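> These are the residues of each chain, in order.
Number of protein chains: 2
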Amino acid sequence: MATTLKLYEQIAKVLRENIHTGLFVEGDKLPSIRQLVSEFEVSISTVQQAYHQLEMEGLIEARPKSGYFVAHKMDSPDLPITSRPAQRPIEVSQWQDVLEVLLAKEDKQKVQLQHAMPNMKVSSLSPLLKKMSWLMRQQAEISLPYCDIKGTLALREQIVEIATYSGCVLHPDDLVITSGCQEALSVCLRAVTEPADIVAVESPSFYGSMQAIKAANLKAIEIPTNSENGLSLEALELALEQWPIKAILVTPTVNNPMGFSMSEADKKRLYQLAQSYDISIIEDDIYGDISYQSPRPKTIKSFDEDGRVLLCSSFSKSVAPGIRVGWIAPGRYRDKVTHIKYVSSSMCPTLPQLAIADFIQSGAYARHTRKVRLLYKQGRDHLIQCIKQHFPIGTRISFPQGGYILWVELDKRYDTVKVYAQSKKSTVSIAPGTLFSATGKFRHCMRLNFSEKTALEREQGIIELANLIKQQDND
Amino acid sequence: MATTLKLYEQIAKVLRENIHTGLFVEGDKLPSIRQLVSEFEVSISTVQQAYHQLEMEGLIEARPKSGYFVAHKMDSPDLPITSRPAQRPIEVSQWQDVLEVLLAKEDKQKVQLQHAMPNMKVSSLSPLLKKMSWLMRQQAEISLPYCDIKGTLALREQIVEIATYSGCVLHPDDLVITSGCQEALSVCLRAVTEPADIVAVESPSFYGSMQAIKAANLKAIEIPTNSENGLSLEALELALEQWPIKAILVTPTVNNPMGFSMSEADKKRLYQLAQSYDISIIEDDIYGDISYQSPRPKTIKSFDEDGRVLLCSSFSKSVAPGIRVGWIAPGRYRDKVTHIKYVSSSMCPTLPQLAIADFIQSGAYARHTRKVRLLYKQGRDHLIQCIKQHFPIGTRISFPQGGYILWVELDKRYDTVKVYAQSKKSTVSIAPGTLFSATGKFRHCMRLNFSEKTALEREQGIIELANLIKQQDND
Ligand SMILES: Cc1ncc(COP(=O)(O)O)c(C=O)c1O
Ligand SMILES: Cc1ncc(COP(=O)(O)O)c(C=O)c1O
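Chains as they are written, first to last, in the numbering used here: chain A, 4 to 478; chain B, 4 to 478.
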């Protein structure tokens, strides 16, 4: 896309290059707005826009009354070690443990580090709530009839728009709206497999997708991941050589639970592997729009030439999960996906779809995601600081590239299932690592959420958690 | 339940008996309110309540300025002949045809006889819309987080209440809320079967359940039904003897597409058959609450001693389909059902659940269903009259005991798939009989809706349809 840069973008570009080349380094004060106005001969608001852009990118930070400074870059922590799951197809277990976490009542008194819930208190969500309320007042009848089985056209059109940011050229007819990403994943799994087939997944990976594999009578083969680069393509290739794998289910951009984003080059290689072994890719992009990078990373789907990628997403992580609006870009599996979505739950309710469509079209979705990305990035840096300070030595932490969850790997002698059990009587809640394995591995790991605590609450939660862990030294 | 009758109920009982014993016959004028006030020594409003009750039961009718009369009983029309489907397990086909009907855009100019849509213009729905609007205004935030995976407790409590009218004693923990009855059926099918299992269904039966059977990699065996008594228990028993049937999926109360309700005795026999062959029953009760009978017929679930019945329903037919609130009482399959519901679409949105809970608790649901039942019964009688008058001789019509759809069987020489194709360019829309067979049988049948047309529109639609049919006499 050869587009001419706007004035403020040109200025932002110059400043960005100056930071990247080291002309300005961390902590340096940047030129004042006045200086830049005269240097570039532009208006104050243009310079402000340029600074705002760089702030959004996390490159610079505003300090009240002092001006703009180059942001401190967080050093990545000691990263978790590449996982080494069994390289053979297995039945997924762990349902009872997942169920227990799902049934856990929210306790407002607790520091909630357990669920992958976004921050829902930010003011940038209010246009959505206002629109829903307005629709309910003015057009309540739209809630009553069945809607198009593929979903409301107005929403599909807007999803086409946002998908361009991840490099996808879609058409509204290529989309099927679902009840969240969970339904999207379940439907896609059933569309590309037959019972007893083998599906490759990242290890660790989201328990909802593994349970969907179980419920579809499939077997999982867990492919090791590296907390920096994501899925091990070497291990995947070995597995593909050895087993008749039918599909691979991946979360390559802002992974749950690790937080990594695979590089564009690796995404391309993954796609090529899928091509040469003729398997399909179910790509879960649920956190993609709250990547800290700007522009957001491309999806594997953006390289899809022959329709073998089924892109799944929802607004559960970027907006709010209770809205239950998700979608599939099913590529060549469109008819099968439409069939299975229909039998799975028939149509989705109209009103939330219209509200989300309006939220996107009005620009409020872009504003909201820009805002929360910054908030989450700060949360990540703070949480990592707290963990480094309070957890036992030997603790390794993933370094998420977006979203609001990270993965903690303790020394092997610690047992997070025990920590989890004890945490029920404490003021903090966690998700034990075992949930993210098909067979209860990662017993020394856990996933923590950093979406909506104040710094104080977060640190208190981490101190409490550290104490629970350290108790095991006395066992 | 030994309860003492209220005053108005006692009076209604006396009058009812007088009608049943023939003291008053069809068309007779009933005593005036004044007469009964002095005869029973009660208040005017008590007599009015008694008459209102009998009116709701369809026994009597009010004529403006003249008083109350014994209602005209509709003679049942010439009924369709018992279907004779192949008695062996088969793969379900017909998806392309179902899809075409699902994708058909609603055309407000047309007389819609095609979709099983309830009347959504009745004023008795407005408390629901008002509550949804109020919730959105006052408690918009409840739309944002995930809700309990089994559904909102307030709703499950209310469903326990309404289920008592069908003879069921349930507990909120025995219920799982779903995205409509379609998800309920799909989840239950997957919970009680393994791929390649055989499921018995009524023939004809609802295309959504048959497509769910297909998508779950199951085979269907179609059991003949009789338009008066429902499923042929003899044929079912033969099939059970011959094939390893795993479950039976039935709509025994106000069947779609036939409209019959099986007798209580037959429901019990069906349950006993399931017991002796140790199979489970998936009971679709989606139209049960809009049965014309009062009190409504009992469910098979009400006889369930060992938890083998999975009762499925939703508010799509009794209230409005766009609300997408359904439920399962899964009996002994609770854990499996909870698992599959979770992977299928995770939680359901909270707001519609709360609104429906309030609609029930306030009594508005009971008022609404009482009102539409009467409306639909009048619709049925009128539609049957129109068909008798305009359709070719030899036409047979089912005589629904509730709901707003009926089944028309034409002489074998007519082809409703052709009628359906031609109707696309006409002012009327129909559902061809082939959709209700696993393999495209019932080509001389169709299902017609009578939920919300005026008498004039309905008759015009039927005349147009009759012309399309009669054109085939010249082919
Ligand atoms: C990676 C991933 N995929 C899918 C889902 C399910 O999302 P939804 O709530 O939209 O069904 C989640 C939610 O936790 C998730 O983390
Ligand atoms: C017999 C029957 N079961 C289930 C359904 C699906 O209902 P819902 O819209 O609640 O998913 C229908 C809808 O047409 C139906 O007629």
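I should point out that these hints are in silico values taken from the structure, not numbers from a laboratory. Note that this is a predicted model, so its numbers are computed, not measured. The reader is advised that the hints may include incorrect statements.
As the list makes no split between identical chains, a pair holds if one copy fits it or if it spans any two.
To be verified - Below, computed lysine-lysine pairings styled on DSBU-like, alpha-carbon distance capped at 35 Å:
id: 1; residue 1: 111; residue 2: 271
id: 2; residue 1: 421; residue 2: 133
id: 3; residue 1: 271; residue 2: 124
id: 4; residue 1: 76; residue 2: 249
id: 5; residue 1: 111; residue 2: 133
id: 6; residue 1: 339; residue 2: 113
id: 7; residue 1: 415; residue 2: 32
id: 8; residue 1: 473; residue 2: 339
id: 9; residue 1: 427; residue 2: 339
id: 10; residue 1: 339; residue 2: 249
id: 11; residue 1: 9; residue 2: 427
id: 12; residue 1: 339; residue 2: 428
id: 13; residue 1: 134; residue 2: 217
id: 14; residue 1: 428; residue 2: 32
id: 15; residue 1: 133; residue 2: 32
id: 16; residue 1: 339; residue 2: 111
> Should residue 339 paired with residue 111 be assigned to within, between, both, or neither, using CA atoms and 35 Å as the limit?
between (43 Å within a copy, 30 Å between copies)
> Can you tell me if residue 133 and residue 32 fall within 35 Å by alpha carbon in one copy, between copies, both or neither?
Result: close neither inside a copy nor across copies, 40 Å intra and 56 Å inter.
> Tell me, please, which holds for residue 111 and residue 271 at an alpha-carbon limit of 35 Å: within, between, both or neither?
So residue 111 and residue 271 fail the 35 Å test inside a copy (44 Å) and across (48 Å) alike.
> With 35 Å as the alpha-carbon cut-off, assign the pair residue 415 and residue 32 to within, between, both or neither.
Neither. Shortest intra-copy (44 Å) and inter-copy (88 Å) distances fail the 35 Å Cα cut-off.
> What label fits residue 339 with residue 113 when the C-alpha limit is 35 Å: within, between, both, or neither?
between (44 Å within a copy, 30 Å between copies)
> Please work out whether the CA atoms of residue 134 and residue 217 approach to 35 Å or closer within one copy, between two copies, in both situations, or in neither?
neither (38 Å within a copy, 39 Å between copies)
> At 35 Å max between alpha carbons, let me know whether residue 111 reaches residue 133 within a copy, between copies, both or neither.
For residue 111 and residue 133, the Cα distance is within 35 Å both inside one copy (25 Å) and across copies (30 Å).
> For residue 9 and residue 427, with the copy left unspecified, which applies at a CA distance of at most 35 Å: within, between, both, or neither?
Close neither inside one copy (53 Å) nor across copies (52 Å); limit 35 Å.
> 35 Å Cα cut-off: does residue 427 pair with residue 339 within a copy, between copies, both or neither?
Intra 43 Å, inter 26 Å, cutoff 35 Å: inter-copy only.
> Have a look at residue 339 and residue 428 and pick one of within, between, both or neither, based on CA distance no larger than 35 Å.
between (47 Å within a copy, 29 Å between copies)
> Please sort residue 473 with residue 339 into within, between, both or neither, judging by C-alpha distance up to 35 Å.
Result: close neither inside a copy nor across copies, 52 Å intra and 38 Å inter.
> At most 35 Å between C-alpha atoms: does residue 76 with residue 249 qualify within a copy, between copies, both, or neither?
neither (41 Å within a copy, 61 Å between copies)
This entry does not satisfy hints 1, 2, 3, 4, 7, 8, 11, 13, 14 and 15, going by the numbered hints stated previously.
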